[in-house]
Amino acid sequence: MTKRFTVVGQPLPKIDAWGKVTGDTRYADDLVLPRLAFGKLLRSPHAHARITRIDTTRARALPGVYAVITGADLPRVKFGILPVSQDEEALCTEKVRMVGDAVAAVAAVNEETADRACRLIEVDYAPLPALMSIQESLAHPEVRIHEYGDGPNVHKNVALQFGDVEAAFAAADLVREDVFFYEGNTHLPMEQHAAVAHATPDGKLTLWSSTQTPHYVHRLLAKILEMPAAHIRVIAAAVGGGFGGKLDPFSHEIAACRLSQLIGRPVKIACTREEVFYIHRGRHPVLMWIKTGFTKAGDITGCHLKTWLDGGAYGSYGVASTFYTGVINPVTYKMPVYKFEGARVFTNKPPCGPKRGHGTPQPRFALEVQLDKAAEQLGLDPADMRRRILVEPFTKTANHLTVTTIGLGECIDRVVEASRWRDKAPRYAAAQAEPSKPLWQPRRRRGVGIACSSYMTGAGTAIYWNNMPHSGVVLRADRSGGVTVLCGATDIGQGSDSILAYLVAEVLGLDPKDVHVHPADTSLTPVDLGSYSSRVTLMCGHAAIQAAERLRAVVFKAVAAKLEVDAATLEARERKVGVAHDWDKAVDFARAVELGEAMHGVLAFAGSYAPPKRAGKYKGGGVGPSPCYSYSACVVELSVDEDTGEVELHDVWIAHDIGRALNPLLVEGQVEGSVYMGIGEALMEAQVFRKNVHKAPSMLEYKTPTTLETPEIHTILVETDDPEGPFGAKEAGQGPLLPVMPAIANAIYQAVGVRVDEIPITPEKVLKGLELKRQGKPARVGPDRVPLFTFKEPIVVESAFGAPAEAIAVRPFADSQT
Amino acid sequence: MIRLPAFDYVAPRTVDDAVRNLADRGPDAMLVAGGTDLFPNMKRGQFEPKTLIGLRGIRELAGVSGDARAGLTIGAATTLSAVASHPDVARRYAALATAAGLVSSPQLRNAGTLGGNVCVDTRCNYYNQSYEWRKAVGFCMKKDGDICLVAPGSDRCWAVSSSDTAPVLWALGATARLAGPAGERTIPVSALYQDDGIVYLAKRPDEILTELALPPADGWDSVYLKLRRRGSFDFPVLGVAVAVRREGEIVREARVVLGAVASTPREAPAAATALVGQRLTSETITRAAEAAAGPAKPLDNTDFTHPYRKRLVRVYVARALGRLAGLHAGPAMEVIA
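Chains as they are written, first to last, in our numbering: chain A, 1 to 818; chain B, 1 to 337.
For reference, chain B alone in the conformation it holds in the complex (with noise of 0.2 Å):
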């Protein structure tokens, strides 16, 4: 089998504490909280800490506060099983419960945490594989090498945001909370991603995710709805969220944000546009999904065919749209376990 490597683990009771440890151990140190994405790919050599920082017995970390009339504020570590069957959370933001509870498989959901997902690393089947099969293929950029493979006449990674909670909580409007050596800072969660497969968090090296801030629910509806070969356990390879704040049957903002066809949550704001001051009608609501497309720019590097997922971005922001207008009374697209 492969073996795990071996590491110092060091399990800090606070934020601060963790924080320092951080700061101490500099960039051979990684952060772990359900560590269902990270031992993996440190089994298969993409990660190498000499230290991992665990935040699971940090409590100020986990848990679920507030309301939906003033907001919810969700700890980073607490379990996407914990965000997904929350009542306010899957009441009054829907998508973001859809989303934490598509997320690989329920053991994994029960280990796995939101921070862990808003921060997954980014994926690419050139890169989510064994030293050996790497480096037979040759190295890519992303790790021990200096192209990228998908797109080998660029000078970035193209490895694929791979997050479900990512684009939902972007759509949501939330924010990010950091701790750093230099304090605490909010930032949109829109802020914390960077088109870039290597670099694709703007959160700095040194900083923990330890909060995300849901707005008041207000008015707001959404939506998520995910596209994957099986519905037991994949990553996305296209993920739409879509947040609509209606008076009456006329939206007033919507947001829609696509996730799993770059290497960041991409937001398409003409497909917003089409349907503020609208009614969700059959005619507003394909005129919008026309326009969702245009940010979508997937590669040959997930599961499906780029130009398949390409092509289902119109047809999954419809469905999305559809079910917030109440059009469609059908079977749910996805099953959740």
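Chain A with its partners taken away, still in its complex shape (with noise of 0.2 Å):
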């Protein structure tokens, strides 16, 4: 039976939009309070160094500064995100990592002061030498950046083995082995960072900050400053844009809170956007080796994968991004068995962490240009080899994880006719023999490239071991017929605010504008984990449909009684509660929640969401199960320049798995911002560092696509109604982004014939190809070796590939009563 909406597929407005493109929406630098003073981080201009002393005299004696704090004014704790890598200080005591950390914080009547102030603080440093790269840090194991974790200077070393990929590969028609590299990038939300803080005489503190998780902030917080979790309140202020960014807790926060705690006054930091490149925690630089056996069909016989990730100077979200780059390998094609070995290195520079695809996009990168090799070598069509491969639906993958609903077969049919791939590909590649054009005119040559992805709809399991839901609504129904939900979740311009109150509305046969969503606070909304792995439209969506149809029954209840029918009988639609059939006795909303409160009291219902319990049972099972998948699949058409090594993209057409679009427009947004972001990552951005400095730390040099960089971008939904998704949606907010790089890649080698190994694929490199092959040599363009380096022994799991995936799994907290 189809299922029928009336909120649910309307391309609706955002909730917030009006506050967005009027500018009444007030991020975290936008908000005042009465005596508030401003802050200031001083930072370590070296990127490895001892502290050997440090003088605040002279700063705290510059009129109109309020206070100087260092680490000794702050508990001797170290905190990080992840359990295992509590590495960080808000201001450094004894060491700096990179350049950036932070090591003194001032408070002061205005941000100039506050920036006078830190120049004025002396700051002894004995420097010690920088590991820079991946390769200098396993090089020098007697500089130890941290004395914790896998090995000298390893933060993690991980080795994971399902079925025997040796037999694998000699089963195999073809194995190719490939090496690929991936350069660091940011995240560049268009809002810094930024952050109040109050601290109040009765020993209370409230934060208010651009966060994607102020639950993991507020525990982190009362770690940090030591004080009652009940005592310190975090608000999610408006946040301009998150990808990852915003999901550790930070100096700038701490140093908020403790400077508050001081002079009693509200204290803001807000982040220059030089400090935001400091503060970083995106894409891990990551030296992958993939080894794959493939039949002359196009099967994978098995696939042998080790990944080395450049870490930077503290661990985040480190060990899940490193298990990350192996994981979700496995669900999109068939991979029957499958190693993965990865190590994370510290470096000093800007820690790496979770942004948009976590880890996933530069192993996607690795196998789908692997894949388009070895189509190349088998004589098979990209597009016909991938399609013939796909994961099948409601199976596990050799590493255990359960796949549900998989569209991807259709996304590959609808982008490969949209973009008349069989058209093109075979002209294109037949143009690539054409004689070149003289110098005097542009010479560029076409092509169109395919790949695909898929990604999580939510993470399985939380960032600290727990029983409890990952998210969670209170939904209060009003006597004016409007309805609030309390959520936890962050707004970080996703949607995820909107969702909620479309999904509200569409139980309730409200319209969204009668719903108003509450901002995320841990003093009111109860807890969602944060925006991050794709979780929230998933999670919140569960747990608020949950508590609008547990409001509605009481409602319905109490309707009945009214109405004297049956409850089972009473719908909700169009701000009324009736019987269908006898529509014109039906009551007002406001009406049927008058008469629901005077039957129940006060209308208030909870909803919560786990995911189901599927991990694998072996260490490391834990990251990546996932309630179900999204996937895409992507092509992209664009022109190189031969001279130039230029590269202009023509267009972009990608077909997404969303299981069901609540709402299309944002989910064409997502996936259009997505490729937006894949392009930049592609062809552009580099997080890269010079005598030990970030190279370009600004908007106008750390290059980035602007709309005319951007392509026509041809979204192509594909609606699957995955079973464990709230009305069968799946996730859109970062699966879309993983097959641009690869897909741009293949298409550079179908236009001009060169393989270019290596992100950004920049015009020098491609140059560098085009020279190598008019050379007659191998015209690519990449890293040619990977580091001596021995991983553990890997843990030994039999592989479940193909194994039936039990009935939809039983969801914690999915019938318990309120």
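Source of the hints: derived by calculation from the structure; they are not laboratory data.
Glycine included, C-beta positions come from ideal geometry on N, C-alpha and C.
Check each hint, because a few of them may be wrong.
In the DSS-like style, the derived pairs of lysine-lysine whose C-alpha atoms are separated by at most 27 Å in a straight line are [claimed, not checked]: (1) B/135 x A/95; (2) B/135 x A/765; (3) B/297 x A/695; (4) A/695 x B/135; (5) A/437 x A/765; (6) B/310 x A/437; (7) A/373 x A/773; (8) B/297 x A/768; (9) A/768 x B/135; (10) B/310 x A/373; (11) A/773 x B/310; (12) B/50 x A/695; (13) A/765 x B/310; (14) A/562 x A/585; (15) A/777 x B/310; (16) A/691 x B/50; (17) B/310 x A/691; (18) A/695 x B/310; (19) A/613 x A/334; (20) B/297 x A/691.
Examples of chain A residues lying across from chain B (beta carbon under 8 Å, computed) [what the hints assert, rightly or not]: (21) 22; (22) 112; (23) 113; (24) 163; (25) 270; (26) 693; (27) 708.
Dock chain to chain to rebuild the complex, using the hints, since each chain is given by itself in its own frame.
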């Protein structure tokens, strides 16, 4: 039976659209409180050094300065977002590990004074050797960035094996080994991080912050400040873009809190764009070695992947990132046997972390480019080859992940058709043989490339082990007929508040305008773990639906009594509750709420969600499971200029298996934003360092595309109605980024016969490849060696490949009563 | 955020008044017209003027007069948008319209001026950074330090001339009018620059650039091509301005001027020589393009690698000449927003 919806599926505007476009939205930096003081952090100019002396006397003496603090003014506890990586200090006490590490903080009457005071703080450093790459860090075990980890400068070393890869390679007709490198890049949200802290004389503390995860910040503040969590309130201000860059607790938040406690005034610290580049937590640079066996028909017999991640100076989410470079790969194509080895290395650079796609764009690039190379060797069309080897729905992967619905076949068909792939691919490939034009004429050659991907719809496990809901909603119905949603989720621009309003309106037969969604506030809203891993729509969505259904049940009961009908015959629509065949008697929703309140008391209902427990029963099995996976297929058409190496994108066709588009406009927005971000990563963006300092920490010189560099994006939504999703929905925020980079690389190869196995694909690299081609050498640009490195003995687990998924798993809290 | 430091602002109404103010206040004063380059540099501490002398209120500094037959005169405070869209400029001095239209973004072209672009500070990615960044790397001689970080063995600054309009005005044979305490003088634009990243202008510190004069356009055609990462708003990392005067199909005069590959625009006389007396054929274009790269001395202090920028001189000169020859009817190199 087809589900019928009134709000779901409609291309509605976001509920906060007017605020955004009129400038009414108040971000953390817009907040002003009476007696507000302004803070500023002093950051290290050294990449690696011991702090031998800090003297704040002159800064404190500057008129207008309220307080100057160093690490000595904070409890001596180290913290980190993951329980296994507690390696950060808000203000470094003994050692700095990167240019940009915070060492002191000032609160003053205004920003100018705070800035001047920072320059008056005297810090003596004893420089240590700086390790700026994976290779350097591994080559210098005598220089230790941290004292903990899985080896000198090795933060994490993991190895997992599912089945016998050597046997799989022996059974293959073609075995390819390739090496790839993916340079780091950063999130570049429009809004720079900012926080306002207000400590009051009663010993309580409120923090407004541009954060994606008020709950984790709340927990960690209690630890870092050594005060009861019950006395701390974290409020998520409107967030102007996150992309994973606002998922850790940060120095500026903690310093603002401490300064406010000391001076008895609210304190605001708003980071500069340059500081945001140092906060980072962005895409890890990853060196990859991938070996895959193929049959003549294009089936994968087995795959072995090794990854080395450049983690930067701190742990952040790095342990998870390390696993993510390996564990999601088997979710797309049939991969009966799989081995993954990964290592994250500390370097003296800003810490890397969870940028959109978290750890998966890098191996996705490697896998999809390698597939393209294999397809050529096997004489197969790269679209057809992929289409043939897709994972079967409702089965398990080699590494024990459960795949539910998979719409990737339709995604491939749709982009192949829309892009006229079958016509263009052979035509452009043949045109490569045509002679070049003279130098004075731009010599451009066209190419099309394809790639696919998959991504989680929410991580199956929380960051800290617990049995509680991952997401909670409290719904309160008002006698006015309005409904208030309290939920700890943060809308970072992706539209999660709107989704909550749509879903509640759908269940209660209201207009989304009737639903007030309160922003995340740890003193008011039930916990949601945060806006990461594409979890919010699915998890908060389920919690909101559950709460709304509970509210509806009580309202129906009251209306049924009033109308003297069976509650089961009632429906809610058009702001009324009534019986379909006797709609004239339907009562207004506001009246229905009054009846409900008269019968039941205050109408406030909770909904809870926790994902099904499907983690593989092996160490590390907790990273990768998700209620369901989204899928994307992408075709890119571009031109390559043979004399400049420049790549011009013409069109991107992308089909995304969204499960169900709760609002197609929002989904298209997420897909287009992902494509745009993918283009930047593929062609331009690079978080790179020179003389141990970030080379270009500014919006002007850190190159990222603008609307003018963005081609026409043709978005196709494929709906699979996943049983795990709220009304069948899957994620849209991250998955569609993933196929873009390899599709571009594959299209460049098709245009000019050059393989750039390294991201970003700059004009210089393309030109170098063309030069090699002219010289008759292999036209490949990219890394050609991997470090000498011993991975751990792998944890060997039997491959679960192809096993039928158990009937849809029971979800905790699904049936429990209010 | 980074705050703009405090400063005094003076708003003279005449050029004389501005000249007097500049002389009175000496080296602590700077001129501001559009402010699109100056204010960011003040925020980052590259410029630390105590006083800004605003030129926007001086009527005589803005506007275009004359015609293409006699030559055009453009006030230094004319906005880049106005220059780019001026019909005579667009029709008869096409390279100037292109160059003005490719500076930065539409919003900044509405504020930024031709004089400001002609005098724009040289750029270097060791220099165009915040105070904290420069401290971390070590200050350079252009500001607060004493060595050049791009060429540490060198005793001069290698910051890059980053004006789009300068190489074009040079190629077109334009002159610059300067007003100072000693009166006014006119010099060729080619004499306005010198190859030093710090003292890149030959203009005296107490002089104000008041106007730029273009010679008669008769017989001249010009093209400007700009290399940058993004067509939307980046500074040039290579600019190629080519102007030729033809009689029939024969080139009688030619100038090829390269931007953003040295601390000054660089003329490529060998390329011009290869064209004079010739038709613009595939062969002469190729020869001229091969000869053009010599004067380009890019270093590793802008976006893109410097060997790449050097290598692209040949390509861009060939393409510019191809356009002048009408050989190329393909899509424009640059999208003008």
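Evaluated hints:
The straight-line distance between the Cα atoms of residue 135 of chain B and residue 95 of chain A is roughly 19 Å, inside the 27 Å bound, and the hint therefore holds. Between residue 135 of chain B and residue 765 of chain A the CA atoms are separated by roughly 32 Å; this puts the pair beyond 27 Å, and the hint is violated. For the given pair, residue 297 of chain B sits about 22 Å from residue 695 of chain A by alpha-carbon distance, which is consistent with the 27 Å threshold. At roughly 14 Å between alpha-carbon atoms, residue 695 of chain A and residue 135 of chain B fall within 27 Å of each other, so this suggested pair holds.
At most 27 Å may separate the alpha-carbon atoms for a hinted pair to count; residue 437 of chain A and residue 765 of chain A meet this at roughly 21 Å. Using a Cα cut-off of 27 Å, the hinted pair residue 310 of chain B and residue 437 of chain A holds, with the two alpha carbons roughly 21 Å apart. In summary, the hint linking residue 373 of chain A to residue 773 of chain A is supported, as the alpha carbons are separated by about 17 Å, within the 27 Å threshold. This hinted pair checks out: residue 297 of chain B and residue 768 of chain A have alpha carbons roughly 21 Å apart, not beyond 27 Å.
Using a Cα cut-off of 27 Å, the hinted pair residue 768 of chain A and residue 135 of chain B is violated, with the two alpha carbons roughly 35 Å apart. Under the criterion of a C-alpha separation no larger than 27 Å, the hint pairing residue 310 of chain B with residue 373 of chain A is inconsistent with the structure, at around 33 Å. Pair hint residue 773 of chain A plus residue 310 of chain B holds up; C-alpha atoms about 21 Å apart against a cutoff of 27 Å. Taken as a hint, the residue 50 of chain B and residue 695 of chain A pair is broken in the structure, with Cα atoms around 30 Å apart against an allowance of 27 Å.
About 15 Å separates the Cα atoms of residue 765 of chain A and residue 310 of chain B, which keeps this hinted pair within 27 Å; it holds. The straight-line distance between the Cα atoms of residue 562 of chain A and residue 585 of chain A is roughly 11 Å, inside the 27 Å bound, and the hint therefore holds. Taken as a hint, the residue 777 of chain A and residue 310 of chain B pair is honoured in the structure, with Cα atoms around 24 Å apart against an allowance of 27 Å. Our distance criterion of 27 Å between C-alpha atoms is broken by residue 691 of chain A and residue 50 of chain B, whose separation comes to about 33 Å.
Annotation: proposed proximity of residue 310 of chain B to residue 691 of chain A holds, straight-line Cα distance about 24 Å (limit 27 Å). Between the alpha carbons of residue 695 of chain A and residue 310 of chain B the distance comes to roughly 21 Å, so the proposed pair stays at or under 27 Å and holds. With a C-alpha separation of about 23 Å, the suggested pairing of residue 613 of chain A with residue 334 of chain A holds against the 27 Å cut-off. At roughly 23 Å between alpha-carbon atoms, residue 297 of chain B and residue 691 of chain A fall within 27 Å of each other, so this suggested pair holds.
A hinted interface residue such as residue 22 of chain A counts as satisfied when its beta carbon comes closer than 8 Å to some beta carbon of chain B; here the least separation is about 20 Å, so the hint is violated. Hint status for residue 112 of chain A: holds, given a least beta-carbon distance of 5 Å to chain B, under 8 Å. A least Cβ separation of about 10 Å between residue 113 of chain A and chain B goes past the 8 Å threshold, and the interface hint is therefore violated. Using the Cβ-Cβ criterion of 8 Å, the hint placing residue 163 of chain A at the interface with chain B is not satisfied: the shortest such distance is roughly 45 Å.
About 6 Å separates the beta-carbon of residue 270 of chain A from the nearest beta-carbon of chain B, less than 8 Å, and the hint is met. The interface hint given for residue 693 of chain A is met, as the beta carbon of that residue sits about 5 Å from the closest beta carbon of chain B, less than 8 Å. Using the Cβ-Cβ criterion of 8 Å, the hint placing residue 708 of chain A at the interface with chain B is satisfied: the shortest such distance is roughly 4 Å.
This entry does not satisfy hints 2, 9, 10, 12, 16, 21, 23, 24, going by the numbered hints stated previously.
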